[in-house]
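These protein sequence lines are chains A and B, in that order. Just so you know, the first sequence maps onto residues 1 to 314 in our numbering. Just so you know, the second sequence maps onto residues 1 to 326 in our numbering.
You may find that some hints are simply not true.
Chain A is faced by these chain B residues, among others (derived, beta-carbon under 10 Å) [what the hints assert, rightly or not]:
id, residue
1, G133
2, G200
3, F201
4, Q206
5, A255
6, W283
Restraint ranges, calculated between C-beta atoms of paired labels, are given here [stated by the list, open to error]:
id, chain 1, residue 1, chain 2, residue 2, range
7, B, S272, A, R124, 44 to 52 Å
8, B, L199, A, E74, 21 to 29 Å
9, A, G99, B, A88, 52 to 60 Å
10, B, V293, A, E289, 35 to 43 Å
11, A, A236, B, P108, 54 to 62 Å
12, A, A274, B, G65, 54 to 62 Å
13, B, R22, A, E74, 19 to 27 Å
14, A, L15, B, G200, 28 to 36 Å
15, B, F140, A, L237, 18 to 26 Å
16, A, P160, B, Q51, 48 to 56 Å
Source of the hints: derived by calculation from the structure; they are not laboratory data. Note that the coordinates shown come from a computational prediction; the quantities given were computed from them, not determined experimentally. Glycine included, each C-beta is placed from N, C-alpha and C at the ideal position.
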Amino acid sequence: MTRQPDPIEMASLFLRGVRSGLDAGLELPEAAARGAASLPRGARDRLRSAARRFGGDYGEDEWGFDAEFADNVEPLAAFLYERWWRVHAEGAEKVPAHGRALLAANHAGILPWDAVMISTAIMREHPLPRQPRFLVLDWAFRLPYVSVVMRKVGGVVASPHNARRLLEQDELVAVFPEGVKGTGKPYSERYRLQRFGRGGFVEIALATGAPIVPVAVVGSEEIYPKLGESPALARALGAPFFPLTPTFPWLGALGALPLPSRWRIEFCDPIATAHYGPEAVRDRGLVLELSERVRDTVQRKVLENVVKRGPAFL
Amino acid sequence: MAGRRVLITGVGSHMGATVAGRLAAHPHFDHVAGLDTRLPSERLDGVELIQADIRDPAMDTIVPGAQVDTVVHNQIVRRPGPGMSSRAMHDINVIGSLQLLTACERSPTIETIVIRGSAGIYGAEPNAPQFFGEEMAQLFPLRTRFQRDVSEIENLFANFAARHPDVTCTMLRYQPGIGPSVDTQVTRYLAARLVPTYLGFDPRVQFVHEDDALDALMAAVERPVRGAVNVAGPGSIGLTRLIRAAGRASLPVAAPVFGAVADAMRRLGVPSLSEDFKRLLRWGRAVDTARLVDEVGFTPRYSTPSAVEDYLRRRGGLRLLGGLVP
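Chain A on its own, in the form it takes in the complex:
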């Protein structure tokens, strides 16, 4: 039986290969190729993919979504999903397997971890998994690194133009109609949905004929229990709000570590909109009615799932 060599052995195998190549009079790139050839297959594949990406040869669509990158960070998402937050997802199969659809979820927890978990739930539990694109508060796109990662895993700037274009491309799009009102609400208001704005997400669904799938998320409320905020720091950073939690900013970056609450995600029955026709966008009554219906469904399911979940952290 062959033993998998450890990293130091692999490095020395590689360097030995490079040196013998250089000794044989090869140029550095060819010598590196020869060194790589002496590595075991798994390591060789990883090195090849890293070299290819470093050469700028990787796929990104016009939105900056990078499927390979999303695959690479999947183990982290899987760890958070299974171990950290012990997510229980229900009804993932109700998400349309193809064609345009709009997921509308409640939003909490300051950083959009709920978006990551919704997407992980679909990727793991859906019979035909598909990566949703989510509309992220534009503030996240002002932040170094955060903006880069957001885009690579399928986030786009929360703009109605973007939502519309994505749906016209028959993508699955996730929105948080509460917006910053949801992420920034204090801990005392947990499980209570904020206002859904003017129902812009319904207008987009009507204009594109996309069904709306209400999604209820329980658990995101507890990951950063917001006790207060600092308007002065928010202004200084250009952020919509600056949260104060039991750990943040007192513990610095460590304080940004989300608490390990127990989560439940429930996907509800889709609400069809195609039969109203795109003209219905101008029907204010219908827009508000559908918006209220989605909000009621999500609110009801959130409360149901709070009860089903039991204690928040155990």
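Based on these hints, arrange chain B on the given structure of chain A.
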């Protein structure tokens, strides 16, 4: 129908000379006049060259005298040339356009005006839609001098178009050009071995291939539509990916010191970067080309990624490290 008569400004530039030559060779065009302060060095068959400054009030007699039905305004300066101050650039762009329009007022034969404008009017913003549509020019405040100039030019032409409903004004909003024979801020940036980037940012950028830039202008002259039309290679490319594919190294610089570091890097071959270009490097910008395809009837041959690929291949710099490891 008699052949069309056309006047093109900025004929001394690469783009101007090429378009003038192609119009002169085109069977639909009987007469082509080219105007610039510096005339093209190569000979242009069938093009009547007029040496004049677009800012000169003499335009008032030159343009009506040419008896044209079509004006192609190709003299909007995107970055100051050698020895050109930003003041002169502003003058050529705004006063030049104003002078040209005053001259057009006195030319009753004019039916069509096509302007090679800039998508710079949209700016570059962190919270911009991924693809700007033509109707989104006023989503954000005008932040740079060039942006304000472009906006002023657009207003001048929009006012003219409103007063002259019989004249079709097409405002082409060009994304930065890329290609082996053009010299733009992008190609200059990619010519340096080590380029500055914003630490922690990887914006989506978009370009138009030089061939498509020409063909789009020709298409708009042949089939003018009213109002603004975006011109770009569809899609977008990440700046990091662009730099890596070009085989360049990037030096990530924190935003507050970016300007100072970029200036210091000029000794290493980094060109001086305009305010607009810096914003592009931080936030990126892309436009939607549906109107160009559907209404002007021109489909770009190169998407943004393929325009980049073609440019790098012909420049001989496409780095394919993918083949490095067996």
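task = Classify the hint on B:G200 as holds or violated, based on whether any CB of chain A lies nearer than 10 Å to its CB.
result = holds (2 Å)
message = Holds or violated: the hint that B:G133 contacts chain A, with Cβ atoms closer than 10 Å.
response = It holds, given that the least Cβ distance between B:G133 and chain A is near 7 Å, below 10 Å.
query = Can the hint on B:Q206 be confirmed by a CB-to-CB distance to chain A that is less than 10 Å?
reply = At about 9 Å, which falls below the 10 Å cut-off, the nearest Cβ of chain A leaves the hint on B:Q206 intact, so it holds.
request  = Hint says 35 to 43 Å; check whether the CB-CB distance for B:V293 and A:E289 agrees.
outcome  = holds (37 Å)
message = Let's test the interface hint: is any C-beta of chain A closer than 10 Å to that of B:A255?
response = holds (8 Å)
message = A range of 54 to 62 Å was offered for this pair. Does it hold for the Cβ distance of A:A274 and B:G65?
response = Given about 60 Å between the Cβ atoms, the range holds.
Hint check: 10 Å Cβ-Cβ cutoff, B:F201 to chain A = holds (6 Å)
key: Range hint 54 to 62 Å (beta carbons of A:A236 and B:P108) holds or violated   = Given range 54 to 62 Å: holds, Cβ gap about 60 Å.
key: A:G99 versus B:A88 beta-carbon gap, inside 52 to 60 Å or not   = Check passed, 55 Å falls within 52 to 60 Å.
Range hint compliance [Cβ, B:L199 to A:E74, 21 to 29 Å] = 27 Å Cβ-Cβ, so the 21 to 29 Å window holds.
ask   = Is the distance from the Cβ of A:L15 to the Cβ of B:G200 consistent with 28 to 36 Å?
value = holds (32 Å)
message = Quick check: does the Cβ-Cβ distance between B:S272 and A:R124 fall within 44 to 52 Å?
response = holds (51 Å)
Violated hints amount to a single one, hint 13; each of the other numbered hints is respected by the structure.
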